[in-house]
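A.B. asks: The lines below spell out each chain.
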Amino acid sequence: MSGALQQVTSPVELLLGWLGRQLAGDARGWLEDSVRRLRNGADERTIYTILTLVPRRVGKDDLHLAPADLEAAQQVRSGWSPVGWSVDQAARVALLLCVNGPEDRFAHRLEQLFRTADLGELVAFYRGLPLYPGQARYVARAAEGARSNMRSVFEAVAHRNPYPAERFDEDAWNQMVLKALFIGSPLHPIHGFDARSNPRLMRMLCDYAHERWAARRPVSPELWRGVGPHADDAAIADLRRVLAQGSPAERRAAALALAACPRAEAAAALRDEPELAHAIERGRLSWDEIAGA
Amino acid sequence: MQFIDPHIHMNARTANDYEAMAAAGVVAVIEPAFWVGQPRTSVGTYIDYLSTLVGWERFRAGQFGIRHYCAIGLNAKEANNEALAEAVMEILPRFALKEGVVAIGEIGFDEQTKAEKKYLRAQLDLAKQLDMLVMIHTPHRDKKRGTSLTMDLCIEHGLAPERVVIDHNNEETVREVLDRGFWAAFTLYPRTKMGSERMVDIVRRYGSERIFIDSSADWGMSDPLAVPKTAQLMLQRGIPEADVRRVCYANALAAYGQSGQMKESDWLDPAPVDQRLMFEGNSVLRGQTPRVDEPAPRPADADLLIE
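Read top to bottom, the protein sequences are chains A and B. Per the working numbering, residue 2 is the first one in the first sequence, and the count goes up by one each step. Per the working numbering, residue 146 is the first one in the second sequence, and the count goes up by one each step.
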């Protein structure tokens with residue numbers, strides 16, 4: 002299998018390879034037959050029907066992926082991480098990509114599919130965003146997904162998906178990050194989080210922390226990850242407050258945020274916490290550890 | 146005891162209703178497509194409505210530990226707007242095979258007009274083509290004749306009676322429905338249709354085979370706890386528990402389970418991937434006796450986003 006993987010050149014081949022490996026019997030036969038029908042030019046009704054039938058035909062098990070599979074995914078599409086996909090999601094995205102035709106037809110069809118999608122389809126189609134032809138066409142649709150009140154749909158856009166980091170403007174990006182915090186969705190699976198941090202997001206996050214403090218509600222330690230790189234005086238004062246009063250996890254997060262801040266005031270604040278500073282220098286403290294806490 | 150409400154319009158109900166239903170032991174609901182209290186004027190709103198049934202409402206129910214299924218169809222009232230009806234018939238096949246769709250429904254007669262008959266026939270054909278079950282709405286007015294005629298049409302279109310549920314029965318219709326081999330559902334409505342006391346008498350007289358009850362709760366005077374409340378009354382009136390269980394749970398599951406889209410394991414042992422996507426489960430309430438008179442407890446940290 003590993004020899005075959007090195008020759009793989011496209012996401013759809015990868016997806017079909019993984020599915021072919023995992024599915025058996027009728028499910029596999031149905032998928033192979035459907036791929037053939039779609040590649041040979043099916044009419045729109047057939048396309049919709051095949052995509053709708055997917056979970057009835059292939060089931061909804063988790064897609065089994067080895068570390069080498071994830072590496073292969075990164076090679077064919079930088080930033081693409083199919084961690085947590087199920088077989089029906091993989092099959093839906095693969096089948097969609099098997100339909101031949103010009104880019105604008107693809108985009109139009111996909112929009113129609115979104116409009117009549119059930120919950121499972123919404124998650125699958127949003128997870129597939131980084132793989133579609135004509136990437137610039139789906140910004141509005143992706144932003145719509147990030148506005149969803151259905152957490153699984155929101156996370157299909159926001160988590161392990163390079164599309165928002167690559168395509169969202171600053172407003173859309175910042176809203177997505179804030180929404181994740183608002184609904185208790187973790188930040189660490191957001192692709193490109195550190196690279197897209199910006200001063201306005203820093204300010205929004207600090208304001209949000211103040212709202213939570215005023216309401217005596219907990220603040221996610223992950224919030225400070227978006228504050229550190231662009232922290233101003235007020236933000237550094239907030240981080241000092243967290244260092245002084247926070248839970249152990251919050252204190253570690255504040256220290257990491259200060260360490261990511263280029264300003265002398267931040268370095269000074271961190272010097273008051275030699276143990277945490279030392280742990281960061283030694284690489285014993287990271288955002289991954291905060292996320293796992 | 147666990148309950149299924151196999152006909153309820155949750156789209157018109159509140160989060161409090163979901164909480165109360167879960168607390169009372171309702172584990173699954175079926176929401177048939179119907180009209181929304183006033184006529185729709187375009188197919189666009191119909192598409193959005195059907196999308197809600199297969200998407201948002203399914204998710205929302207899951208956050209309260211209730212499994213949500215639906216039936217897809219063009220209702221009799223709106224069949225009379227032929228321009229709309231034609232457009233809806235075009236898009237129905239796209240929704241009929243979505244996940245959790247257990248039947249074509251609720252379809253049938255309102256005023257028994259020509260247009261209603263035309264689109265009832267068309268949808269019976271669609272059900273036949275797609276090998277789907279049918280949920281029949283029987284008319285409020287001229288009920289007995291309308292019910293007989295509907296069953297005639299089902300047979301004429303080649304549907305097996307055991308794959309058709311005739312809903313909103315009363316004392317006048319039940320005999321023929323059962324004799325002809327269809328499922329007989331009863332809607333418990335506080336003011337019209339069927340009351341709980343009358344339902345007790347019907348179960349005494351006709352037994353529990355192929356009979357089940359629902360609330361049909363919607364935007365009008367109706368009670369989303371009608372199934373657990375009637376179950377309680379049946380038990381109080383001495384109906385054996387096994388019969389109550391059939392009428393309030395098992396028969397609806399047997400009827401709509403034929404679709405392959407509704408399984409007991411959906412709520413007793415949900416798949417992990419399903420739990421990640423939409424179903425929070427409600428193990429706390431499993432196996433408890435109904436508590437219809439107490440206020441429902443709030444699920445801790447319900448995942449429903451309020452923005």
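Bear in mind the hints are in silico, worked out from the structure with no lab data behind them. It should be emphasised that the depicted structure is a prediction, and the values quoted were computed from it without experimental measurement. One should not assume that every hint holds.
[What the hints assert, rightly or not] Straight-line Cα separation of at most 16 Å, EDC-like style, residue types lysine to aspartate or glutamate; simulated pairs:
| id | chain 1 | residue 1 | chain 2 | residue 2 |
| --- | --- | --- | --- | --- |
| 1 | B | K263 | B | E307 |
| 2 | A | K61 | A | D27 |
| 3 | B | K289 | B | D270 |
| 4 | B | K259 | B | E235 |
| 5 | A | K61 | B | D414 |
| 6 | A | K61 | B | D411 |
| 7 | A | K61 | B | D287 |
| 8 | B | K289 | B | D255 |
| 9 | B | K288 | B | E256 |
[Said to hold, decoys possible] Taking CB as the label site, the calculated pair distances span:
| id | chain 1 | residue 1 | chain 2 | residue 2 | range |
| --- | --- | --- | --- | --- | --- |
| 10 | B | D414 | A | R204 | 54 to 60 Å |
| 11 | A | A216 | B | H285 | 48 to 54 Å |
| 12 | A | N41 | B | A387 | 50 to 56 Å |
| 13 | B | D414 | A | A216 | 37 to 43 Å |
[What the hints assert, rightly or not] A partial selection of chain A residues facing chain B, derived with a Cβ cut-off under 10 Å:
| id | residue |
| --- | --- |
| 14 | Y49 |
| 15 | T53 |
| 16 | P56 |
| 17 | D89 |
| 18 | Q90 |
| 19 | S149 |
| 20 | M151 |
| 21 | V154 |
| 22 | R204 |
| 23 | M205 |
| 24 | R213 |
Virtual Cβ for every residue (Gly too), placed ideally from N, Cα, C.
A.B. asks: Each hint should be assessed against the structure and marked as holding or not.
C.D. replies: Structure-based check of all given hints:
A C-alpha spacing of about 23 Å is found between K263 (chain B) and E307 (chain B), which places the hinted pair above 16 Å, so the restraint is violated. For the proposed pair K61 (chain A) and D27 (chain A), the alpha carbon gap of about 14 Å is at most 16 Å, so the pair holds. Between the alpha carbons of K289 (chain B) and D270 (chain B) the distance comes to roughly 24 Å, so the proposed pair goes past 16 Å and is violated. Distance hint between K259 (chain B) and E235 (chain B) is unfulfilled; the C-alpha atoms sit about 19 Å from each other, more than 16 Å.
In summary, the hint linking K61 (chain A) to D414 (chain B) is supported, as the alpha carbons are separated by about 14 Å, within the 16 Å threshold. Simply put, K61 (chain A) and D411 (chain B) have alpha-carbon atoms about 13 Å apart, close enough for the 16 Å limit, and the pair holds. Of the pairs offered as hints, the one joining K61 (chain A) and D287 (chain B) is violated, with about 46 Å between alpha carbons and a cut-off of 16 Å exceeded. For a cut-off of 16 Å, the pair hint linking K289 (chain B) to D255 (chain B) stands: about 12 Å separates their Cα positions.
Annotation: proposed proximity of K288 (chain B) to E256 (chain B) holds, straight-line Cα distance about 10 Å (limit 16 Å). Taking the beta carbon of each, D414 (chain B) and R204 (chain A) are about 47 Å apart, not inside 54 to 60 Å as hinted. Restraint check, A216 (chain A) to H285 (chain B): a C-beta distance of roughly 50 Å satisfies the suggested window 48 to 54 Å. Range check, N41 (chain A) to A387 (chain B): Cβ separation about 55 Å, and the 50 to 56 Å hint holds.
Range check, D414 (chain B) to A216 (chain A): Cβ separation about 38 Å, and the 37 to 43 Å hint holds. This hint holds: Y49 (chain A) has a C-beta 6 Å from the nearest C-beta of chain B, less than the 10 Å allowed. Interface restraint check for T53 (chain A): the shortest CB-CB distance to chain B comes to about 5 Å, inside 10 Å, so the restraint holds. Interface hint status for P56 (chain A): upheld, as the beta-carbon distance to the closest one in chain B is roughly 6 Å, under 10 Å.
Hint status for D89 (chain A): holds, given a least beta-carbon distance of 9 Å to chain B, under 10 Å. At about 9 Å, the closest approach between the beta carbon of Q90 (chain A) and any beta carbon in chain B falls short of 10 Å, and the interface hint on this residue holds. Interface hint at S149 (chain A): satisfied, since its Cβ lies 9 Å from the closest Cβ of chain B, which is below the 10 Å cut-off. Taking 10 Å as the C-beta contact cut-off toward chain B, the hint placing M151 (chain A) at the interface holds, the least distance being around 5 Å.
Given hint, V154 (chain A) at the interface with chain B, holds; its Cβ is 8 Å from that chain's nearest Cβ, closer than 10 Å. At a threshold of 10 Å, the smallest CB-CB gap from R204 (chain A) to chain B is about 21 Å, leaving the interface hint violated. Hint status for M205 (chain A) relative to chain B: violated, with the closest Cβ pair at about 16 Å, above 10 Å. The beta carbon of R213 (chain A) comes no nearer than 16 Å to any beta carbon in chain B, farther than 10 Å, and the hint placing it at the interface is violated.
In summary, the structure is inconsistent with hints 1, 3, 4, 7, 10, 22, 23, 24 from the numbered list given earlier, while agreeing with the others.
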